[in-house]
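K.L.:
Fit chain G to the supplied structure of chain X, relying on the hints for placement.
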Amino acid sequence: MPSISDLFISLEYGPAPESAGIADAWLDAHGRRFGHFVGGAFVATEDAETFDVHRPSTAEVIARVEQGDQDVVDRAVQAARRALPKWEKLGPGRRAEYLYALARGIQRRARLFATLESLDNGKPIRESRDLDVPLVARHFYHHAGWAQLRDQTHPGRAGVGVVGQVIPWNFPLLMLSWKVAPALAAGCTIVMKPAEYTPLTALLFAELCREVGLPDGVFNLVNGDGRTGAALVAHQDVDKIAFTGSTEVGRELRRVTAGTGKRLSLELGGKSPFVVFEDADLDAVVEGVVDAIWFNQGQVCCAGSRILVQEGVEERLLEKLRARMETLRVGDPLDKAVDMGAIVDRVQLERIARMVADGAREGATVWTPSSTLPERGWFHPPTVCTDVDPGSALWREEIFGPVVVMQSFRTPDEAVDLANDTRYGLAASIWTENLNVALDIAPRVKAGTVWVNCTNLFDAASGFGGYRESGFGREGGDEGFEEYLAHPTHGRDQKVGPEADAAPAEADPGHAGAGAAGSGEAIDRTVKLYVGGRQSRPDAEYLLRVLDESGMPIGEVPRGTRKDVRNAVEAARKAADGWARRTAHNRAQILYYLAENLAQRQDEIATRLARWRGSGRRAKAEVEAARRTLFTYAAWCDKWDGRVHATPFRNVTLAMRESIGVMGLFAPREAPVLGLAATLGPLLALGNTVVAVPSTANPLPAADWIQLFETSDIPPGVVNVVTGRREDLVPTLADHDDVDGLWCFGTRSEGEEIERRSTGNLKRTWCALGEGRDWTKADREAEHFLREATQIKNIWVPYGA
Amino acid sequence: MVPGSTATAAAPGSAHASEAPPRNPGIDLDLDRVLELRVNRSAAERRTASLAGRRSVKKTWQAAWLLRAITLMDLTTLSGDDTPGRVRRLCGKAKAPVRPEVLDALGWDVAPPTVAAVCVYHRYVDTAVRALEGSGIPVAAVSTGFPHGLSPFAQRVAEIRASVGAGAREIDIVVTRAHVLTGNWSALHDEVRAFREACGDAHLKAILATGELGTLTNVQRASMVAMMAGADFIKTSTGKESVNATLPVGLTMARAIREYFQDTGHVVGFKPAGGIRTAKESLQWMILMKEELGNPWVTSHRFRFGASSLLADIERQLEHAATGRYSAHHRHPLA
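Sequence lines, in order, name chains X and G. The opening residue of the first sequence carries number 9 in the numbering used here; numbering runs sequentially from there. The opening residue of the second sequence carries number 2 in the numbering used here; numbering runs sequentially from there.
Excised from the complex, chain X in its bound form (with noise of 0.2 Å):
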């Protein structure tokens, strides 16, 4: 112990430690044995295989934990499910109060939970203490208001049923909040599957559900490694599934619930962009930078882990970085004033290190502090590296440690162009002072969340995930709130829908040859495709033959390919960014446009439609709410905004509706006319660029639909139409890594092939699953199909003169 006359000049801090006992008293209390939480009791079985709980900072063995079979999931299950409807019935105040009881109780037990939740992930105290556990607790608070209000707010939607969550290790109670609050607000009740490096806190939760008496079987809670989780999510009985974790995890996920009709919400991985313009407050950049990839030793999931910084300040930030590092001080997470604490496992900590050492080798200039690391424990040094190929893994993937890579740009528009470079989209971090710039900025880079000067803020106010290959659905807010609700039922209809899944999808094929076929018969019309604004021929030319109901041929359609897809797509990519910027306004005129001039021609394509349909009637009603449709589309343009959320920060938080993209459709068959306005209304409406395949009962009417499109002012490549048969089409366009997003009103089975197969790029799928709809009511259920059409984007401004 140095000597205070010593300590007078050295101004050393001296540690600073939180006491671990309160944890040890509380696992030592549980004989550091642990089961599961299934219909409000513990569970536990001697013979149980265990899997070890460690201290990273020690790399001691503290808990050992049960690894859940598919025995304890069946039963974990059961439970929720017996649970539901008790749950249900309670109504909105109860289950409000239950939210209430279960936020006061985190906040009473809070340094219970902080201490816990340091000794077994290894992060800072400061953080579990000041971030993560006050977070929990505000979570709990505002989705109370969300259970109250939910009838209000959300009439008619009840929860969506059993929900199995599976959640990662990086902020174990947070994650395991963000998705207990929302589930609970709406009415479902929870299988949970915590991680397996960190299931402390969670079990401590489990306590704190039964300590406020909340009913039996509504929070279940399963531990155990990935197998246990996969048993959870192939489980029939659950209907929706919120996971947390990589991104090869959330690929997994989408193929195992392909088909099946569960929701799924997916919060992966990130590569977030942390752009610097030359403007910026470079001190408070730093400082940004500690805060985005020294946060929980940059085991964060939107950490901002790729630095673009504009090239005329570059060299003064690596200055200034690499002078701030030598402060950050890493150690024992219990210390109080400690920055940075422990890698969670060896197994992370090997692979961050081997991340690092293969960038540089690659010839990467690796830059950390003087300082040394603990000997005992699993650490890594905060690190700036320098000089990285942009085609390098430390460039392009997620490193999920304290690891920035770091590169320069010139212009704004490279600065978008760079920060969009990759296959991520959770995140984006603009630091500028210029009010133009990042305003212009933020719309433009490809993420869930934008912080303009500041990372890593997060509120339950605010929802918060993926575009792109980061995953889909959003955590807090309405957004995130609407993630739990069942999906209104206006206008479903099996009896419409489409026939079983082995139904004949096409009409028989063709021979080769130009214009008409040749058998002489009445064939009123060829259609072409139509791509980029120009009518064309199809790669190859086939020719698929349309019947109408009767079985007799009407006209033919090309049978477009590949190629054809491919095109549609290029012109589709082409024209984004453009429709996407137009003004709301100007969408909408467009759309009013186009009605009116479907309103020009509705009798005779009405008669057409009535050759098909054997029934002028029907077909006349279906034009009719054909033009309905799109004027009730026109008119919610601009209506579909976002909102200001409430966020306990001095800022603004914007939730901006972005469009998702290039979007490929594949128009329902039971309403040739009608279900191409029905579908197309609400994407072209809020800026997305469309591949659409129309009915292939009769895809007739897309001629009719193509001239139409030509006439109406609507920008080339905007809309492109590829008939076909879907064995083609279908496989083309889930594979297609430059479609954002696909809906198909199908079989069954094409939407289960759909939503396997979108696992390349992780789209955006909306299958109907077989389920059909009576198209002429569709319009009300338009909020639905809005929601469809958009992601939310939350942009977070900081303000103060």
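Some hints could be false.
Reference excerpt, derived from the structure (chain G facing chain X, CB under 8 Å, subset only) [said to hold, decoys possible]:
hint : residue
1    : R34
2    : L36
3    : N41
4    : A45
5    : G54
6    : V58
7    : K60
8    : W62
9    : T216
10   : R326
11   : H330
Calculated directly from the structure, the hints in this document are not laboratory data. C-beta: ideal position from N, C-alpha, C; glycine also.
P.N.:
Just chain G now, kept in the frame of chain X:
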């Protein structure tokens, strides 16, 4: 580089034992450099708020830091009812700020600490100089029409000369806020430069009255201009504005000092003043300096507290550290 990383810390006991850095000679006004400075207020506030949770100093370490705090103090009285008797009592306190038995109990085995300076109005410079004779503790005088700085220029310059003549070794000047608020940076530069010349060998501390400057960006630009004009210290407040030393302002000024040091190699000190009353606050300020500028900026050559009631709270905390019992104000000699 980390600024001043090679400089040495203060030796125990005396605030003045360590080597003083060369004085800041100032530079010509570099307007481009001044105007490129921008401070993001939300980020500055976030940094200071998070720093309070990121660092803490406990037990013996805390006692050592508080003893250091005493050696950084400009013990100050700037009241309308000051009298020679009051000033002499203050000087007595400056020479022996901590009771010897408290120092003994803490295991302090070197010369007892003293404060960095005593700060008074011109009228009491002479009184203080006499009272502090032989102690090595310098007298600082507030000057140039303190606190508003609106008296005639010649008079303000004369005031400096008079105080220096009376034995003040440090002059705390106030700037014309209007120069900052109207962006008249060359006028500010000229003004501080003139004051600096009038100071001669006495050190100049430029009070920016940050509570009246409106924005942190103004604070940083004014800091930079004052340093370019040759200020030895930049100081937040007179203690008479409605908003005095705040941590975001301190952060902004500390960063300006760092920028200036990196640009020119010249060392400038920092003095927060007004509203710093508790031992805990003094630790926050020292932590801020240590984190942003490093240990050398937590010595009396580079850092001062302008304080009148702070000492009393530190004394109580030190006694608590020494005895384990909470202390009372009346157990410590009144300043």
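K.L.:
If a hint holds in the structure, say so; if it does not, say that too.
P.N.:
Comparing the hints with the structure gives:
Because the beta carbon of G:R34 sits about 13 Å from the nearest beta carbon in chain X, more than 8 Å, this interface hint is broken. Annotation: G:L36 was flagged as interfacial toward chain X, and the flag is violated, the nearest CB pair being 11 Å apart, outside 8 Å. Proximity of G:N41 to chain X holds as hinted, the smallest CB-CB distance being about 4 Å (cut-off 8 Å). Taking 8 Å as the C-beta contact cut-off toward chain X, the hint placing G:A45 at the interface holds, the least distance being around 7 Å.
Using the Cβ-Cβ criterion of 8 Å, the hint placing G:G54 at the interface with chain X is satisfied: the shortest such distance is roughly 5 Å. Annotation: interface hint on G:V58 holds; nearest CB of chain X at approximately 6 Å, less than 8 Å. Against a cut-off of 8 Å between C-beta atoms, the interface hint on G:K60 holds, since the closest Cβ of chain X lies about 7 Å away. Hint status for G:W62 relative to chain X: holds, with the closest Cβ pair at about 3 Å, below 8 Å.
The interface hint given for G:T216 holds, since its Cβ lies 6 Å from the closest Cβ of chain X, which is under the 8 Å cut-off. For G:R326, the shortest C-beta to C-beta distance to chain X is roughly 18 Å, which exceeds 8 Å, and the interface hint is violated. For G:H330, the suggested interface contact is broken, since its CB lies about 23 Å from the closest CB of chain X, more than 8 Å.
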